[in-house]
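Put together the whole structure using the sequences plus the hints.
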Amino acid sequence: MKSLLFAGLALSAIIITGCATDQAPRPGSGAMTSHEAVITEKYWKLVELNGHPVEPGPNDTYITLKRDGQRLIGSGGCNRLGGTYTLGAMNWVRFSQIVSTEMACTQGMETETQFLDVLNNVDSYDVKGDRLVLNKARMAPLARFEAVYMQ
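Throughout the sequence shown, residue numbering follows mature numbering (1 follows the signal peptide of the UniProt record, and there is no 0), covering -20 to -1, 1 to 131 in sequence.
Since the hints were derived computationally from the structure, they do not count as laboratory data.
Incorrect hints may have been included.
Only pairs whose alpha carbons sit at most 27 Å apart, straight line, appear in this in silico DSS-like list of lysine-lysine [stated by the list, open to error]:
(1) LYS25 x LYS46
(2) LYS108 x LYS25
(3) LYS116 x LYS25
(4) LYS108 x LYS22
(5) LYS46 x LYS116
(6) LYS46 x LYS108
(7) LYS22 x LYS116
(8) LYS22 x LYS46
Just so we're clear, the structure is a prediction, and the values are computed from it rather than from any experiment.
Following this line, the structure appears as structure tokens:
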């Protein structure tokens, strides 16, 4: 009788353990990690690029990381841009499949070209309050942004 009880308890423990999971949330699964909550769904306006302040233009240079489909949307100041992103542990970020419209503008094209180059090369980020910094190899910041809240 004791062996039957022990066997039943052992079987129950195996079944319960088999139902548990230790997998991290998959991208697009609806589960949000803490670093996603900090960086996504915000309008990040570019304020500094490669160590130089960004001059105001007719349109903001900005990015927004959309949780839905891990999409990157934004503007280089003249042209709209889009792509995808991946976030990882230790504030790792990778932007990929970046595309933009190809309008010719009278001002800001040099900034836009540098901005797209930065997005293609960054590999980490840091967020402090309403400030986002994109880096390459955790060296000097390549781009600094400030969150803008619509009213």
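Hinted pair LYS108 and LYS25, Cα distance within 27 Å:
Distance of about 15 Å is within 27 Å: holds.
Straight-line alpha-carbon gap LYS108 to LYS22, limit 27 Å:
14 Å, holds
Given the hint that LYS22 pairs with LYS116, does the C-alpha gap stay at or below 27 Å?
22 Å, holds
Is the hinted pair LYS25 and LYS46 satisfied, with a Cα-Cα distance of at most 27 Å?
OK: LYS25 and LYS46 at ~15 Å, within 27 Å.
Restraint status (C-alpha distance of LYS46 to LYS116 at most 27 Å):
22 Å, holds
For the pair supplied as a hint, LYS46 and LYS108, is the alpha-carbon distance within the 27 Å limit?
19 Å, holds
Please verify whether LYS116 and LYS25 have alpha carbons no more than 27 Å apart.
19 Å, holds
Holds or violated: LYS22 and LYS46, Cα atoms, limit 27 Å.
The hint holds at about 8 Å.
The earlier numbered hints are all upheld by this structure, with none contradicted.
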